[in-house]
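A.B. asks: Read off the chains here:
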Amino acid sequence: MQGIYNVMDALLPFAIFRYSFMKNALLALLFLTPLLALLGTMAVNKRMAFFSDALGHSALAGVGIGVLLGLSNVTVILVLFGVCWAILITRINRTGGSSSDTTISVFSSAGIALGLLILSGSGKYNRYSSILVGDILAITPTDILCLGIALAVGLALWVLLYNKLLLTAINPQLAQSRGIPTKAVEYGFVILVAVAVMLSIRWVGVLLINALLILPAAAARNIARSAAQHALYSVIISLLSGITGLCVSVPLGTSVGAAVVLCAAVCYALSLLLARILRVRLQA
Amino acid sequence: MSQTPYPYDPTHRHDHLHSSHCGLCRIELDHISVIAQGETLLQDVNLHLHCGQLTALVGPNGAGKTTLVKALLSQIPHTGTVRHMDDQERVLRSVRTGYVPQQLPFDKQMPVTVTDFLAASLTRRPVWLGVSKRTRQEVQSALSLAQAEHLQNRMLGQLSGGELQRVLLAMALTPTPDLLILDEPVSGVDQNGLALFLDTVDQLKRKHHLAILLISHDWALVRQYADEMVLINKTVLCEGAPETVFACDTFREAFPAAAKEVE
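Protein chains in written order, with our numbering: chain P, 1 to 284; chain H, 285 to 547.
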């Protein structure tokens, strides 16, 4: 770790990065944001913004269950719970019944309610309220290592899944005719999103995680004209927002997650403007 | 029916492009039945689809045309077999099916180019990492089969109905299928574009000896382009050259207006 810090000191000769918690937070953001931004491109294409929102909210229930079981480290239970929740929502949506936004809304509310019920009942609600906004400044080198491994595994799966997922997102029947196991591919994707969201939630927070997944990809989509541009712009926007948010919020003493998301929102606004300008120029 | 897994094997395609005679080779549908939720959708369909021939599949609404296509694509469970026979009466390993859907409902705003779309179906390398030079060439040669090279850098959502149909044809033809299924390639395309599309299909049929199954109710087009015609309603009612089928009693019953028209 000290080696990495030394490299960072050389690369970032700024006063605020003298503190190791700042270096840790920066590293964590460098690991977290690109994966979320890449997964986000597909979540936006597949119109799943509301789904990932429900998934994020269900983290409260995950934490609650972890507390009930008396676990000190709730990450494993969070991930397991998130994966089950994601599979359940997807399964119910696939088999029909009510419209998907209704189903998702039910799951979202149920997740929050279950979490609040358990946490308020156990009297430890205040201890766990930080999960709502997250605290990236508290991240430790071990956590960062875990995030790094998760990023590597996540990227590898993303490489394997992407083309099949893209064809499925464009049209499932066509993808099926090309021999793609569309059902397996879709479940693979929601599981990947669930794991990424749950691993990030302690640092980014229940209320803000979905913005980090959706905003960079949505902004990138406004200006991208190909799949590669979509991915590239999304990653650039998320990194830019992550670093800017961190550098702005710490001196001001405000929430890092909130600042990061606000930066991404500004990027989204700019992308709308840019898309408009590009369209006008194309027409001229 | 077994389906060869994608991504495609270039050697297979190469063989195909150079197999010169396959007038006798065919795809045999043998006793195909589909029963879903207690309802018989198809009963004992026996059909031969010959290579180098375009077979038009017709039938009233609910006759099971789409069900037959789904069975051929292994998208729904069915009984009976689908075999690919060569001209020596040997059974070949599998039937590779190319499918051009009737419509492609998709999100038109999606930032995906024609090249991305085809590359995603041809390679494992994820297209968000960019498309390699080699894949680009493969995409180009696929598009050239459907006379659509000029579309490669366009966004998928900005194509017209006819252009999209050509891109879908290019995809269905790569790797070269044994059987090409065209599901009502009429909707969303103007008459001129449709004739152009079927001219391309006709040339491909001659060049690559494809077996083609066309679902269409455009009788003039069927008469012009089909070598064989099959009327189904749950099962095969009448088959033969288009003129023969047009004269069938079962055809007159199913399409009284059309029967008058073709006379």
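Fair warning: there could be bad hints in the mix.
[Said to hold, decoys possible] Where chain H lies over chain P, by a calculated footprint (3+ residues, C-beta under 8 angstroms):
no.: 1; segment: 107–121
no.: 2; segment: 169–177
[As the list claims (entries may be wrong)] Here are some chain P residues the structure puts well away from chain H; computed CB gaps all over 10 angstroms:
no.: 3; residue: Leu11
no.: 4; residue: Leu80
no.: 5; residue: Tyr125
no.: 6; residue: Ala152
no.: 7; residue: Ala228
no.: 8; residue: Gln229
no.: 9; residue: Ala231
no.: 10; residue: Ile243
no.: 11; residue: Thr244
no.: 12; residue: Arg276
These aren't lab readings, by the way, just hints derived from the structure by calculation.
Idealized CB from N, CA, C, for every residue including glycine.
A.B. asks: Each hint: holds or not?
C.D. replies: Here is what the structure says about each hint:
1. 107–121: violated (count 0)
2. 169–177: n = 7 at 8 angstroms, threshold three: holds.
3. Leu11: holds, 26 angstroms
4. Leu80: At roughly 28 angstroms from the nearest Cβ of chain H, Leu80 (chain P) sits farther out than 10 angstroms, so the non-interface label holds.
5. Tyr125: Holds: least Cβ distance 41 angstroms, greater than 10 angstroms.
6. Ala152: holds, 15 angstroms
7. Ala228: violated, 5 angstroms
8. Gln229: At about 6 angstroms from chain H, Gln229 (chain P) fails to clear the 10 angstroms cut-off, so the statement is violated.
9. Ala231: violated, 4 angstroms
10. Ile243: holds, 22 angstroms
11. Thr244: Label holds. Min Cβ-Cβ 24 angstroms, cutoff 10 angstroms.
12. Arg276: holds, 14 angstroms
Figure legend: structure checked against the earlier numbered hints; hints not met, in rising order: 1, 7, 8 and 9.
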